[in-house]
Amino acid sequence: MTESSSPKPVLTVEGLRRTYGESVAVDGLSFRVNPGEILGLVGPNGAGKTTTLRSIAGILPIQEGRITVAGLDIDIEGHRARQHLAWVPDDPQPFDSLTVEEHLELVAGLYGTTDWKRRREDLLESFSLKDKRRALGGELSRGMRQKLALASAWLSEPKLVLLDEPLSGLDPRGIRTARQAIQDIAASGVAVILSSHLLELVEQLASRLLIIDYGKKTFEGTLEEAHTGFEIPMGSSLEDVFFAATRHEAGDKPG
Amino acid sequence: MIGIPSKGLRLMMVLELRGYGRGLARRLKTPKGALFAFLGGSLLGLWIFILASDKARGGLDSTSSFAKPEFVLRCAGLAMFLLVAISAIMTRGINIPPGKLDRVFSLPISRSDFLRYRLWCVVGRTMAGAPLLALLATTKTGHPLGTLLAVPLFLGFVSVVGFFCSLLAAAIEGSRSFAAMMQRLRQLGKYAIVGIAILLVMALLSTKLPDLLPQWSAELQLYLREMITAQTLEQLVYAGSRPLEPFVRLALAPGLAQSGLFLAASLGTLLLSVELVSRTPVDFRELAIEGASSAAKRIRSVGRVGRAASAGKARVGLWAVPHLFGRGPMGAVAWRKVAAIWRKSRGFLGISLFLGCFLLFAIRMLFGDALLVSDNFEASAEELILSGNLGGCVLSLLGTLYLTNGLRFDFREDLEQLDILRAWPVAAWRIFVGSLLPQVAAISGILSVLLLIWFGISAATGSAICGLIFALPQVVFAWVAVDNIAFLFWPVRFIPGQSGQLQHIGRGLLLSLARITFFLLTFGASLASAGGTWWALVHFGDPSDAALIGWVVLVGYCVLLAANAGLALLGGFAFSSFDPVRDRAL
Chain A
682 MTESSSPKPV
692 LTVEGLRRTY
702 GESVAVDGLS
712 FRVNPGEILG
722 LVGPNGAGKT
732 TTLRSIAGIL
742 PIQEGRITVA
752 GLDIDIEGHR
762 ARQHLAWVPD
772 DPQPFDSLTV
782 EEHLELVAGL
792 YGTTDWKRRR
802 EDLLESFSLK
812 DKRRALGGEL
822 SRGMRQKLAL
832 ASAWLSEPKL
842 VLLDEPLSGL
852 DPRGIRTARQ
862 AIQDIAASGV
872 AVILSSHLLE
882 LVEQLASRLL
892 IIDYGKKTFE
902 GTLEEAHTGF
912 EIPMGSSLED
922 VFFAATRHEA
932 GDKPG
Chain B
-6 MIGIPSKGLR
4 LMMVLELRGY
14 GRGLARRLKT
24 PKGALFAFLG
34 GSLLGLWIFI
44 LASDKARGGL
54 DSTSSFAKPE
64 FVLRCAGLAM
74 FLLVAISAIM
84 TRGINIPPGK
94 LDRVFSLPIS
104 RSDFLRYRLW
114 CVVGRTMAGA
124 PLLALLATTK
134 TGHPLGTLLA
144 VPLFLGFVSV
154 VGFFCSLLAA
164 AIEGSRSFAA
174 MMQRLRQLGK
184 YAIVGIAILL
194 VMALLSTKLP
204 DLLPQWSAEL
214 QLYLREMITA
224 QTLEQLVYAG
234 SRPLEPFVRL
244 ALAPGLAQSG
254 LFLAASLGTL
264 LLSVELVSRT
274 PVDFRELAIE
284 GASSAAKRIR
294 SVGRVGRAAS
304 AGKARVGLWA
314 VPHLFGRGPM
324 GAVAWRKVAA
334 IWRKSRGFLG
344 ISLFLGCFLL
354 FAIRMLFGDA
364 LLVSDNFEAS
374 AEELILSGNL
384 GGCVLSLLGT
394 LYLTNGLRFD
404 FREDLEQLDI
414 LRAWPVAAWR
424 IFVGSLLPQV
434 AAISGILSVL
444 LLIWFGISAA
454 TGSAICGLIF
464 ALPQVVFAWV
474 AVDNIAFLFW
484 PVRFIPGQSG
494 QLQHIGRGLL
504 LSLARITFFL
514 LTFGASLASA
524 GGTWWALVHF
534 GDPSDAALIG
544 WVVLVGYCVL
554 LAANAGLALL
564 GGFAFSSFDP
574 VRDRAL
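Protein sequences appear in the order of chains A and B. Heads up, the first sequence is in the working numbering, so the first residue is 682 and it goes up one at a time. Heads up, the second sequence is in the working numbering, so the first residue is -6 and it goes up one at a time.
Calculated directly from the structure, the hints in this document are not laboratory data. Quantities reported herein were computed from a predicted structural model and do not represent experimental measurements. Among the hints, erroneous ones may be present.
Selected chain A positions facing chain B (in silico; Cβ < 8 Å) [claimed, not checked]:
| hint | residue |
| --- | --- |
| 1 | T731 |
| 2 | R735 |
| 3 | P742 |
| 4 | G746 |
| 5 | F776 |
| 6 | G790 |
| 7 | L791 |
| 8 | T794 |
| 9 | F900 |
| 10 | M915 |
| 11 | A925 |
Each pair of labels, with its calculated beta carbon distance range [claimed, not checked]:
| hint | chain 1 | residue 1 | chain 2 | residue 2 | range |
| --- | --- | --- | --- | --- | --- |
| 12 | B | G14 | A | K798 | 35 to 45 Å |
| 13 | A | R814 | B | A540 | 41 to 51 Å |
| 14 | A | T700 | B | F482 | 15 to 25 Å |
| 15 | B | R15 | A | D865 | 52 to 62 Å |
| 16 | A | K798 | B | F347 | 49 to 59 Å |
| 17 | A | R857 | B | L10 | 53 to 63 Å |
| 18 | B | W312 | A | D865 | 55 to 65 Å |
| 19 | B | L520 | A | D756 | 33 to 43 Å |
| 20 | B | G14 | A | S917 | 30 to 40 Å |
| 21 | A | E802 | B | G12 | 48 to 58 Å |
| 22 | A | T693 | B | R15 | 31 to 41 Å |
Far from chain B, some chain A residues (derived; all Cβ distances over 10 Å) [said to hold, decoys possible]:
| hint | residue |
| --- | --- |
| 23 | V705 |
| 24 | H760 |
| 25 | Q764 |
| 26 | Q774 |
Every residue gets a Cβ at the ideal spot worked out from N, C-alpha and C, and that includes glycine.
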């Protein structure tokens, strides 16, 4: 899917820059995501992926640049913009005094979701959480927490889903369920940003790639375009593209 | 030697102590660390100076039997002894830092030797904080040296007993039949506490509301007053504190010569207790492993939600949590907090209410009708009404301070989930208000019940108590909001047991000053407006008393409301500008 085929992007990021003291985490990043698109966000450790996602989610204040979600500026119309997005962090921490089903009830209340009871049951079923519906957040394993975070995101009926390492901690069955769920939600017209170190997964799911390194965009486009751009043989894997796009040892400055 | 760990473990203790000292020195080298340490040290110095001045003035008046140094010492010792034992039974098991557990358990040492080492770590840590308490105790006793020696030894002994209770409770908890019996007892205990509380409240209110309550409630009050006298209380305290005899005698020894014998007895008691506990035939490894993970979690949560809330385990919610604040986005935010308070802290709420009732009951028993009736001509009816109303104010103030400190279901609890909260599609001020409302409601509710009981046992007027109950939610909100705004602007967590206590005291001093200033400005604005209204009405009009009071209360309340609205907006700003990456412990 290309930008020209979708006139109204769900997300636009323009010149995003974020620093932590002296260190620059994201440096002038710009990109767009269209409805129904799955954007694979990849990069080495410390490249600025999570900072980018947290800035889009409105968690980190914007220092420089502009982000709009569904046409609303995240910095100016914060909570109205957040109504259209769902954020799944890499290590979800559910509230330890709410049960699994109460977490979903909370999300329904916060987002004003209609018909939430039926949808809650469907999600508990599809994410294999039915047996754990009365378990408190603090009692859940890593994988269960991840499933709960995904179910909560799905329940909020977003236009944009931000997934930071969504499959970590899941067992093989959980991975298959989550993978299918991501494909299904994208097929229903929801834009997805998928950040992961599991390059095989990104390759399978993403319709477009955004590779960043040291906070800067090193590539944006489809996998085929990457083959041409980095002059590597057609049919090479995303892993080959990744190494071509981030050609330096850990700790080196980009050349 | 009795009670002393082996050479290898003694070396480990010395090295750990050296490491701790190195950490302290490193903190003092940074300008911020040095500044906060200076402030903390100054505060402690000031406190010691005040204690010394109190001592120079002669301390307590020892003519009353309740103010006798021996009685005060015994009461304090007994209370501490019971508190430590109860809290040890509640927490159970041995607390060993998770990182240390694997290292220590693989060492070639005996079980009892390990326990000795652990006991001395606990005793040493307790005794390190003892000098301040000892200084406080010297203001009440005869010879300072005896007291300065007795207090650390007593605290060490108490920590050994606490350790033993904890070990024993964890060991017998493993027994299924015992667990079932405890479960039944716990349930019965709950009903018994509620029943006793209702009876006591009825007995207390029987004087002021004789027409509403049955005759037997007044008879119950009379019977209790005959039974509970100062003499029986004194006898109970003396009998209960017999096991602490060597320490009490050492603290009260009039001179050096007399101290020697009691010092030997106290030291012997401590060493013997360490040795006996180290020989307890309990396999503690499973308990320690289990305890290490839960303790690590608990210690982390202490920094977030306060001691009272962190002490209880979250219970599986069999009861649905009601949507007390509506079903909109702000209602949902508040609903989450209601669930947290209900599931984690209902015990604390119940105990607080029970303690409050018990305190009022004790006041009623000790003072009799003197709070209500001016038949002895020592106080006029007006003075009694004034003291009753002031008592209500003091009760509200102290209750707010105690409950807000123990029940911290605010943003401290949410630090690890702040990412999630900030991604919610709800205006920041609504998240701020919604997060604090349940805590405010719970505290106001408890204090309202206590104020109603106070109304029953004192000469406080109905209008004053109603006014207080009406104003409580606003005042509590202002206090909690100011506290949270300060926290969101300067988010620092201090976990008890970690190094940097002195810096923490210094930083706490600055933060407390900021909070108090902020709160006084908020509350002062309300009072000033009320005062201004009073002055204007009296000087420019001729209103009736009822109209005057009505206008003053209305204006004061409206200004408090406006100030709270301002605090809500400021809190929203603090929440939205909170940078999660900035949060770090000291």
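Hint by hint, here is what the structure shows:
no., hint, in the structure
1, T731, "10 Å, violated"
2, R735, "7 Å, holds"
3, P742, "6 Å, holds"
4, G746, "17 Å, violated"
5, F776, "6 Å, holds"
6, G790, "3 Å, holds"
7, L791, "5 Å, holds"
8, T794, "11 Å, violated"
9, F900, "27 Å, violated"
10, M915, "40 Å, violated"
11, A925, "31 Å, violated"
12, B:G14 to A:K798: 35 to 45 Å, "60 Å, violated"
13, A:R814 to B:A540: 41 to 51 Å, "58 Å, violated"
14, A:T700 to B:F482: 15 to 25 Å, "21 Å, holds"
15, B:R15 to A:D865: 52 to 62 Å, "57 Å, holds"
16, A:K798 to B:F347: 49 to 59 Å, "39 Å, violated"
17, A:R857 to B:L10: 53 to 63 Å, "54 Å, holds"
18, B:W312 to A:D865: 55 to 65 Å, "36 Å, violated"
19, B:L520 to A:D756: 33 to 43 Å, "39 Å, holds"
20, B:G14 to A:S917: 30 to 40 Å, "58 Å, violated"
21, A:E802 to B:G12: 48 to 58 Å, "55 Å, holds"
22, A:T693 to B:R15: 31 to 41 Å, "52 Å, violated"
23, V705, "14 Å, holds"
24, H760, "5 Å, violated"
25, Q764, "4 Å, violated"
26, Q774, "5 Å, violated"
When each numbered hint is compared with the structure, violations occur for hints 1, 4, 8, 9, 10, 11, 12, 13, 16, 18, 20, 22, 24, 25, 26.
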